Amino acid sequence: MTDKDLGHIETRFFTFAGGSDKLVLESGQVLGPVTLAYETYGSLNAERSNAILVLHAFSGDAHAAGYHEGDRKPGWWDSMIGPGKAIDTGKYFVICSNVIGGCKGSTGPGSTNPETGKPYALDFPIVTIADMVNAQRHLIDHMGIDRLLSVIGGSMGGMQALQWVASYPERIRSAVPIATTLKHSPQQIAFNEVGRQAIMADPEWNRGDYYGKSSPESGLAIARMVGHITYMSDKSMEAKFSRKLREKESGDIFDPDFEVEGYLRHQGDSFVQRFDANTYLYITKALDYFDLSGQKLIPAGKKIDVRFLVIAFKSDWLYPSYQAQEVIRQLKMRHMDATYMEIKSTYGHDAFLLEVDEETMLIRPFLNRLFEEGEQNAG
Amino acid sequence: MPVDNVRLDHKIICGVVEPEAHVLDLGCGDGSLMLLLTDQKNARVQGIEVSDEKIYECVAKGASVFHGNIDTGLSEYPDKSFDYIILNQSLQEVIKVDFVLNEALRVGQKVIVGFSNFAYYKARIDVFFRGRAPVTESLPSQWHQTPNLHFLSIRDFENYCAQKKLNVLDRFYLGEDKLVGFLPNLFALNAIFVVSR
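Going down the list, the protein sequences come from chains A and B. Sequential numbering from 1 applies to the first sequence in the working numbering. Sequential numbering from 1001 applies to the second sequence in the working numbering.
With the rest of the complex left out, here is chain A (with noise of 0.2 Å):
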């Protein structure tokens, strides 16, 4: 272990709405008891003004930083949260938590429904971006921290990112959403689509019935192959793969030859170890149905104290930057402090987990700022 490195993690949990005061949705459904993992990092201060909440990507999990037990490859977005990283522990108290309709923890669609014993499926009700801010809300006010320092997160958990910005901006006092959208465009719903119509298509699937069976392994792998084809740009999969031939395993005529094939269908299988179907096709449609645009970020007349600062990259064209810059008209029309970058990049959407080094020049001096001014008023 080196000082950059956190040491072992492990995941903890947090129950809550557990009685009758369970949690409503945005669709006015209730959910309890609800169920959040989440890791910290870092120690909070006697202030309880250091605390950075980190939001995960659609597949992420709690695990943001530092090693498991046992693990050989550190959580997703280690090369930015550590002992002087980026979001540095040394100074800041880290959160991480895995979102509700999530299957690494959280309460999702496969945990079980306390009125069947039986695991929900899709009796799970529809859970949206602002769902998943409200739970973890919920996990800040039980750690008694009455003002988050920034929220942070990339795609998906720049979403989030914004959904606090419009949900509870008293609690924040900066937002770093990162290569992400006010809403989705036609395009990438219809990414969405083909991957649960995958899922769907797959007679495992069985309406969402599958736990304890055998589970639509082939729709989801499917479904990841399309998502890692978004996730890349044309630049990124010449560099990696060119036209490169691989060993075939067997005889068969359409085993893949190419070396993009071998890498989409290795992933697609990984992925089905570890991701749920059902959380798929639930989390999909959160993203989808995620609208901020407009003034729902910001409603007219509402004076907000957040700071912002707003990333997007080049070749990302799933999340490409003049959603961002969207994000930023609505910021301008209301005079807020913010900083915005478009970061120079071949990786395409994946850039966010990978260019640390652009990431960091940004993200660390503006935390600093942020973190300095808040002693100074508090001396």
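Watch out, some of these pointers could steer you wrong.
Pairs of lysine-lysine residues, derived as PhoX-like cross-links and limited to a Cα-Cα distance of at most 20 Å, are as follows [claimed, not checked]:
1. B:Lys1054 / A:Lys344
2. B:Lys1054 / A:Lys314
3. A:Lys303 / B:Lys1080
4. A:Lys73 / A:Lys104
5. A:Lys85 / B:Lys1061
6. B:Lys1011 / B:Lys1041
7. B:Lys1165 / B:Lys1080
8. A:Lys73 / A:Lys85
9. B:Lys1011 / B:Lys1061
10. A:Lys104 / A:Lys285
11. A:Lys285 / A:Lys314
12. A:Lys104 / A:Lys235
Bear in mind the hints are in silico, worked out from the structure with no lab data behind them. From a predicted model like this one, the values you see are computed outputs, not experimental measurements.
Got chain A sorted already, so can you dock chain B onto it with the hints?
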């Protein structure tokens, strides 16, 4: 920041801007003027800059900046929603001068324009005696490297303001390290105008 190390044009602009003012710096470069205005005047400053490298420098200084091209205008901003719009050494680099200046005048109460004087005597010597495009302290680039698309003199800008019926609220003529009083169109390297409509 020790005020002695501050560029003369930045000092003058900082002197013009009132405390607590709301300022938009178009083509804010590395953010040093924004930082000065925040430190000295407690101004609320937002920048817009096109260069990637400069944005990283701005953010490192703690300034707020949008990555973008000022030629596309300021359409999101309501009329007269800033106290000052600054166009320091950036108006020469935009494609549509009229459009950008009109947008600045629409959005800002006052516009501060800083530019290099093409009619500076050394520039005239370069053109007249040496027969070459001028390279001076305020126009340091060779013809093939300059970011400037437009070359103007102090007299040109005076005429422009008269033609467009702009109010010139203040004018400063800058030498290397102090203001120039005598024949500014000949002896000033740079000029700073404060205009409104």
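Quick rundown of the hints versus the structure:
In summary, the hint linking lysine 1054 (chain B) to lysine 344 (chain A) is supported, as the alpha carbons are separated by about 14 Å, within the 20 Å threshold. For a cut-off of 20 Å, the pair hint linking lysine 1054 (chain B) to lysine 314 (chain A) stands: about 17 Å separates their Cα positions. A threshold of 20 Å between alpha carbons decides the hint, and for lysine 303 (chain A) with lysine 1080 (chain B) the separation of about 19 Å falls inside it, so the pair holds. For the hint pairing lysine 73 (chain A) with lysine 104 (chain A), the CA-to-CA distance comes to about 17 Å; that is within 20 Å, so the pair holds.
Simply put, lysine 85 (chain A) and lysine 1061 (chain B) have alpha-carbon atoms about 18 Å apart, close enough for the 20 Å limit, and the pair holds. Using a Cα cut-off of 20 Å, the hinted pair lysine 1011 (chain B) and lysine 1041 (chain B) holds, with the two alpha carbons roughly 12 Å apart. A threshold of 20 Å between alpha carbons decides the hint, and for lysine 1165 (chain B) with lysine 1080 (chain B) the separation of about 18 Å falls inside it, so the pair holds. A hinted pair counts as satisfied when its Cα atoms are at most 20 Å apart, and lysine 73 (chain A) with lysine 85 (chain A) qualifies at roughly 18 Å.
Pair hint lysine 1011 (chain B) plus lysine 1061 (chain B) holds up; C-alpha atoms about 18 Å apart against a cutoff of 20 Å. For the given pair, lysine 104 (chain A) sits about 18 Å from lysine 285 (chain A) by alpha-carbon distance, which is consistent with the 20 Å threshold. A distance of roughly 26 Å separates the Cα atoms of lysine 285 (chain A) and lysine 314 (chain A); the hinted pair therefore is violated under the 20 Å criterion. A hinted pair counts as satisfied when its Cα atoms are at most 20 Å apart, and lysine 104 (chain A) with lysine 235 (chain A) does not qualify at roughly 32 Å.
When each numbered hint is compared with the structure, violations occur for hints 11, 12.
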